[in-house]
Amino acid sequence: MTQSLNLLPLNPEIIIIGFALLLLVVDMATRIRDVRSEGSLMAGVALVGVLLAAGATAACLGHGDKSVADVLVVDDVSRYLNLAILLAAGLGILLAWRYVPEFTTQSSSFYALLLLAVAGMMFLGKSTELITMFVSLEVMSVSLYVLTGFNRHQLSSAEGALKYFLLGAFSSGFFLYGMALLYADTGSTQLAQIATDNTGGVLVLAGLALLLIGFFFKLAGVPFHGWAPDAYQGAPTPVTAFMSVATKAAVFIALFRVLAVMPASLSSVWAPTIAVVALLTMTLGNFAALRQSSLKRMLAYSSIAHAGYILTGVVAGTGAVGAVLYYLFAYAFMNIGAFAVMAMLERPTPERNQDADIVSARGLFNRRPLLAVAMALFMLSLAGVPPMVGFFGKLYVFSAVVKAGWVWLAVLAMLNSVVSAYYYLRVVVTMFMAEPDEQSFVRASLPAGATMAIAIAAAGVMLMGLLASPVFIELGKAVMALR
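Each residue of the sequence shown is one higher than the one before, starting from 2 at the first, in this note's numbering.
If you are wondering where the hints come from, they were derived from the structure by calculation, not from laboratory data. Since the model is a prediction, treat every value here as computed from it, not as a measurement. Incorrect hints may have been included.
Cβ pair distances, simulated, as ranges [said to hold, decoys possible]:
hint : residue 1 : residue 2 : range
1    : 460       : 197       : 38 to 48 Å
2    : 438       : 292       : 15 to 25 Å
3    : 430       : 52        : 36 to 46 Å
4    : 292       : 70        : 46 to 56 Å
5    : 185       : 403       : 37 to 47 Å
6    : 160       : 29        : 25 to 35 Å
7    : 181       : 419       : 39 to 49 Å
8    : 64        : 32        : 42 to 52 Å
9    : 227       : 34        : 34 to 44 Å
10   : 35        : 185       : 35 to 45 Å
11   : 265       : 185       : 19 to 29 Å
12   : 460       : 348       : 27 to 37 Å
Glycine is no exception: its CB is placed at the ideal position from the N, C-alpha and C atoms.
Generate the whole structure from the sequences, applying the supplied hints.
See the structure below:
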């Protein structure tokens with residue numbers, strides 16, 4: 002008897018893929034000569050798809066676990082992950098609304114690739130089978146490779162995409178070899194079957210090590226971070242903002258699912274390894290950011306540091322999933338908001354690098370006070386200053402680390418957070434205390450989409466901070482659903 006396949010739990014993913022295809026159909030069916038009008042139409046279609054997928058996800062919260070063909074699981078962890086990814090995608094689309102037509106006429110392809118990356122991320126967080134996990138990872142990665150190099154007017158964009166692609170291909174090889182070793186030991190690629198049949202021997206240990214290398218690359222964990230600064234700096238700013246948040250969210254949940262099926266005897270090996278990588282990642286990210294004059298590159302190294310903070314939650318085990326989910330939502334608001342303000346300080350020409358130096362923010366409060374206040378909120382939240390959401394994100398993650406017995410790691414993470422305050426506060430001081438000069442710049446008119454993204458992000462930073470406790474309790478309920 003053939004078992005029927007129920008795809009209803011995957012409605013959000015189906016909506017996203019459907020709208021990615023719809024964008025291409027709309028592009029062929031309409032012949033709009035004005036680049037800005039075409040870009041607005043495509044951005045609007047993509048945003049509708051994201052909102053519908055978010056609504057479909059939110060409507061299913063608390064409705065229990067649903068397994069799809071024994072390769073995907075739809076639980077509250079994956080549903081909250083969907084919302085975090087869709088939040089990042091929505092803010093990224095608002096930022097790209099007027100930004101993308103400045104350097105390309107292929108708006109439909111841009112938004113279709115972004116939605117396909119979203120679909121890959123959403124499937125990745127639901128995967129309970131290694132081949133499905135790998136395919137999802139590659140759908141996400143290939144889309145991001147192309148998006149990174151989408152601005153063909155800039156050499157830095159092509160350079161960043163090439164580095165991302167070449168190193169990404171190596172990391173995919175490591176991931177595949179890891180899968181092969183786990184299959185050799187257990188005879189299965191199902192995570193549930195691996196949990197039952199693995200011996201905890203050398204093949205499992207080697208397979209897990211290779212899988213971790215693949216995950217660390219996607220997270221830009223040290224020493225697999227070399228691609229990130231160049232890719233983040235070269236990519237169009239909306240792409241950088243989106244992938245700096247959404248990629249981390251999907252990969253962290255997938256990493257939790259893999260580690261959850263490993264035998265307890267191996268935790269004494271993988272936990273210290275991840276702890277060391279977390280420490281190296283946050284330390285290198287913070288100290289490298291201290292030396293940057295480019296805002297975009299500074300935020301790239303900041304993103305590496307935050308990956309290190311979240312990795313400490315992975316060390317604490319599945320009990321930290323709620324804290325990590327909270328941190329991911331917090332990071333979406335504050336990091337995309339910071340990139341959105343930075344985009345307003347870029348000089349909008351196709352040939353000029355899509356970047357802004359810190360001197361571009363000189364005297365920003367005198368020219369655009371609300372923009373400066375919003376950027377100050379994002380910088381202070383990234384630094385972990387209360388009562389912004391960044392403070393509570395770090396508090397919950399570090400508390401989970403301490404409860405798991407990793408006190409030294411939590412202390413070093415807090416010291417790293419103190420170091421990071423220097424380069425975040427340097428931006429705030431430059432905006433409020435310095436006088437504008439000939440190198441200072443801000444767009445004459447702020448695009449409505451970017452303004453809305455900044456306003457939503459600023460509201461999220463404050464509201465999630467003020468309502469931290471109930472939000473965290475609600476996210477914590479999803480922990481029991483993790484398999």
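Against the structure, the hints:
At roughly 46 Å, the beta-carbon separation of residue 460 and residue 197 lies within the given 38 to 48 Å, and the hint holds. A hinted range of 15 to 25 Å holds for the C-beta pair residue 438 and residue 292, which are about 22 Å apart. A C-beta distance of roughly 38 Å is found between residue 430 and residue 52, which places it inside the suggested range of 36 to 46 Å. With their beta carbons about 49 Å apart, residue 292 and residue 70 fall inside the hinted range of 46 to 56 Å.
In this structure, residue 185 and residue 403 meet the distance hint of 37 to 47 Å, their C-beta atoms being roughly 38 Å apart. Take residue 160 and residue 29: their Cβ atoms lie about 32 Å apart, and the range 25 to 35 Å holds. The given range of 39 to 49 Å is respected by residue 181 and residue 419, whose C-beta atoms sit roughly 43 Å from each other. Against the hinted window of 42 to 52 Å, the Cβ-Cβ separation of residue 64 and residue 32 comes to about 44 Å, which satisfies the hint.
Against the hinted window of 34 to 44 Å, the Cβ-Cβ separation of residue 227 and residue 34 comes to about 42 Å, which satisfies the hint. Between residue 35 and residue 185 the CB atoms are about 57 Å apart, so this pair departs from the stated range of 35 to 45 Å. At roughly 22 Å, the beta carbons of residue 265 and residue 185 sit within the given window of 19 to 29 Å. A hinted range of 27 to 37 Å for the beta carbons of residue 460 and residue 348 is consistent with their spacing of about 28 Å.
Comparing the model with each numbered hint stated earlier shows that hint 10 is the single one that does not hold.
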